[in-house]
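Go by the hints and put chains H and P onto chain A.
Protein chains in written order, with the numbering used here: chain A, 1 to 330; chain H, 1 to 672; chain P, 1 to 158.
Hints may contain errors.
Stretch-level coverage of chain H by chain P, calculated; a stretch enters the list once three of its residues show a Cβ under 8 Å from a Cβ in chain P [said to hold, decoys possible]:
hint, region
1, 119–127
2, 521–528
3, 618–632
Hints are computed from structural coordinates only; laboratory data are not their basis. This structure is a prediction, so every number in the text was calculated from the model and none was measured. Every residue gets a Cβ at the ideal spot worked out from N, C-alpha and C, and that includes glycine.
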Amino acid sequence: MNKYLFYPGCSMESSGRAYGDSIRAIVEPLDLSFEEIDDWNCCGATEYLGINLIPAYSLIARNLALAAKQMNGTHTVVAPCSACYLNLAKADYYMQERPSLGVKVNEALAAGDLQYKPGTLDVRHLIDILVYDVGLEKIRSKVVRPLHGLKVVPYMGCMLPRPDYQHRWSDHEHPTELDDLLRALGADVIDYPLTSECCGGHMTQIGPETAFELIRRLVADADERGAHLMATVCPMCQMNIDAYQNEMNHYFGTDYHMPVLFFTQLMGLAFGSQPEELGIGVELVSSRNAMANIGVEVPVTQEPAAPRKKDEGLPMPRRWTKHEGKEAVK
Amino acid sequence: MSEKKNERVGVYVCHCGSNIAGVVDVVDVAKWAQEKLGPQGVIIAREYKFMCSSLGQELIQKDIKELGLTRIVVAACSPHLHEKTFRTAAKNAGLNPYLVELASIREQVSWVHTDKAVATAKSKAVVSGAVSRVIENVALDEIKVPINPNTLIVGGGIAGIQSALEIANAGFHVYLVEREPSIGGHMAQFDKTFPTLDCSACILTPRMVEAGTHPNITLLTWSEVVKVTGFVGNFNVTIKKKARFVNEELCTGCGICQEKCPKKVIDEVYEAGLGYRKAVYTPFAQAVPNFPVMDKENCTYFIKGTCKACEKFCPTGAIDFKQEDQLINIDVGNIVLATGYDLFDARRVSNYGYGRLPNVFTSLEFERLSNAAGPTSGNIVLRDGKTAPKSVGIIHCVGSRDKNFNNYCSVICCMQGLKFAHLVHERTGATVYNFYIDMRTAYKAYDEFYQRVLEEGTLFVRGKVAEVTNAARYESEKGKLVIQVEDTLVGKQRRIPVDMVILSSGLQPRHDAKEVGKLFGISCSMDGWFTEKHPKLDPVATMTEGIYIVGCAQGPKDIPSSVAQGAAASARVLDKILQKEVALEPIKASVDQEMCSGCRICNGLCPFNAITFLEDRMVTEINPALCQGCGTCVAACPAGAISGTGFSNEQIIAQIDGLLLRNLEIQEAVPA
Amino acid sequence: MTDKIFEPTIIGFTCNWCSYRASDLAGTARMKYAPNVRLIRMMCSGRLDPTFVLRALSGGADGVMITGCHPGECHYIEQNYKALRRFLLLRRVLAGLGIEPERVKLVWASAAEGARFASETTAFVEEIRKLGPLNWGKPVAQLENLQEEISKLEEVSA
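The shape of chain A in the complex, shown without the other chains (with noise of 0.2 Å):
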């Protein structure tokens, strides 16, 4: 059984409960005991850091605290949600890095009776400690529905990559862990080299022109590469490219159709829940198309025997993956 702390986020009871949903359905399976910290606060997204950061910090510093407090047998906080993650991890660093303001936020939570030492929690994302902790084996152990046929591309958005503070992720320009993750259920991984670009964020109130250009990249290069869906680990790149897919399509008069859902659902699927239980369904994009290619027994694709007349193409160097524990020659 592992235990972690649990930092859920606003969205996972709002817009994005489906991943809330689809977390609560592979939980059991892969023996994951999450302890939801007591009396969490919002933590405040991305925007009340570029305002005033003391108390932005002493916001997000507030969870780390209560977590410290509720520390029981694990010290390890777990959050699904990108931006959370990233805020919790800057936090936890920054205040490390910066003695000042860690004293300045220290005498903040001092106010409501709290205290946060620096460097007490491990801060990580939910897929980090289903890569790294659970492990792909005993993922792959528990599928019992393959999702062989389905052309999944991986979004890994741009916050978990960047900037990597305690050097958890395999690359920071082309990340594999969702890769690994999706091949692990069984998936058609496309390689998609705009996995941790950005989706708009915010942009999509403050300047939906730019917000609507970046989405309409990922999409438009998903849809070239024939992708039946694409598959993401943060709440608001789901929602920027769900949500905001028709008016995307408006603006640019294109009319791509790409649905994109949570990992934890595709997980959830693999592992043979129902796809009401993951929420899926629940997207404004619908999956419906995309899930008929497995929705229905498909069978196994047999990869066509090698032909005895070698291929002319000049032969790849081979692929270099931090996950399988092949260290590049240095």
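Okay, now just chains H and P, sitting in the frame of chain A:
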């Protein structure tokens, strides 16, 4: 402290122009030395503008002869610069060179302190320390050991081959050890060499053949050095000759085994992963020696026990599956390390997409593409093996000049990038872009080559490429690789679609350079290249006498520089060999067996195995030939039975007292 | 007397191959550092006999700096490890004698680390300055009352 000795000490304080005199009051120091250290034995103290000049040295020599000086102290620059100069001067005047001490008041005083009064006071203390020490010095004679005229050269690239040929042509024997099945190194992989565009193999192979057939060169390929003991003039080296599974006596180099072998594998070494070879193979057609080698890890016989096609077809029965690794032991006088470089692994720069995007190539891959004997017969094509590119982007400084990877400049990549540009133009007529930070085209005919490539119509963009991607944003980018770069001369971001990208990857030290260095007793710099004795004036020697480093093993460089260094090291080696014996510094430890109690504390301390315990007499003995003079055993002996010449206890203790000016107190405290 | 800032006297032991060359490099690069250290060159840090340190301290030095090649890079392969062992034991001995072990410092510096040599030297001088003078080796004659004290102790009743 020992009894008062009656030595006649001369003190010489150098001005070194204004280097020392500008901060230290040298006249005062000399006067002080004469006055205050007079009772200790200073007969004369002079100051002079440049002690190292011939006039300065003559001053010393005159005083030795006329005043009967028995000890000399020169207060000047660091002993690492001129200790030998003054020792030789004294020797020529009839005084044992080891009775001369240098006190550094430049590197350790005038150059690093600003307060003149403080610097002058410190200089006095330093001189006092040197005077006290030199009084305890003992006359020593250099130890001469014979030099073995054989030489070991590790690495059969162009630098190693050049070095080997020079020594062999002078009439002395060379062992040339190479890790790969053939000599030739990286140069054998190239197509053309800049700036002349000579075909690389055409200029290399005659040298390879000369080295392979030279009566004075023993070629040991598919071999590695595993152990080295000894010291300059007398090294003992153990070489592991890996099993080729081919009997070299019987093999004629006909190549039938290669032809008939059914197992094809990707050739990661010679073809840079772009072509294939068989499980039994010679790396390339002009390999020297031409004996094939069997790749045990991929050979069907070694994996499954079947096949043996090579054995069946070999006309002379040269295949020997039972062949074992051989250990060869040789004695040499000097060793030259020419181990070359590794190419920077471009997969580490993930934003350039090498390893993920098919049409991104490294420099070595491109060399193989362009080479007429390569996997595409010299056709420059994309990864599909067929299509010629219509536009090519060449990116400079991949992994070099980059704090995230290697901070240094790899020297050859700019010229290499220009060479590629020229070849692409010539063979395909494609549009070529070169993306650079600076153009480093420094040597003979290099800049003219750059101008030529400019005139050929290559497009140059000054900017470090941010990304190579296949995510098209616009119609014109579909199906292409897009290079995103800030064109700093225009001040705009550009997205340039191309068909093919070539990465001018940087050079790196060999991945096992540190281990190899430890084997030979030399060190590596922070970047991993072998450390030379002096970066300006002695780039081929190392701190370890008798071991030389040449070519890219010492640092990234082009072919002419590697050749020059190879020849330079040979000159050094020949210089030693021709002198027939080498003079070793007489800094050695020795045991006074009367005082040795046989506690054996020192026995385990010597990494050079110079200390042995004589069971019959229950005392320890030190072999002066093996002793390197570190002094650790001297410090360890609880009975003080071990003494070390050149850095004896008496000398160091006297120096401590002298530096703390205790010698003055003691003199002054003489009771009335 | 109280107005004068205490200037420590420090003896530095360097090894011929790495740390002495580092000090040379600091000189060539004209890096400035505190003038309180007087250097002694030995072939190797392994040559350091702990009695040298005691001699220096008892002779008037307020601190001793021992320098050598980085572990793994010793010109004589592994002798700097022996220096390290002696240094650690020496510190215990000094503590037992009532001398602050911080008065002896061990610094590894490679031949390329001139800047490090300079900065470590300056830092050490400040540390010793804070510790104050050692005052070990003062000749007995200078401590006036001591003569009387000793006489009293040595007095044997008739």
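Each hint tested on the structure:
1. 119–127: holds (count 4)
2. 521–528: Check passed, 4 qualifying residues.
3. 618–632: Per the Cβ count (5), the hint holds.
Of the numbered hints given earlier, the model fails none.
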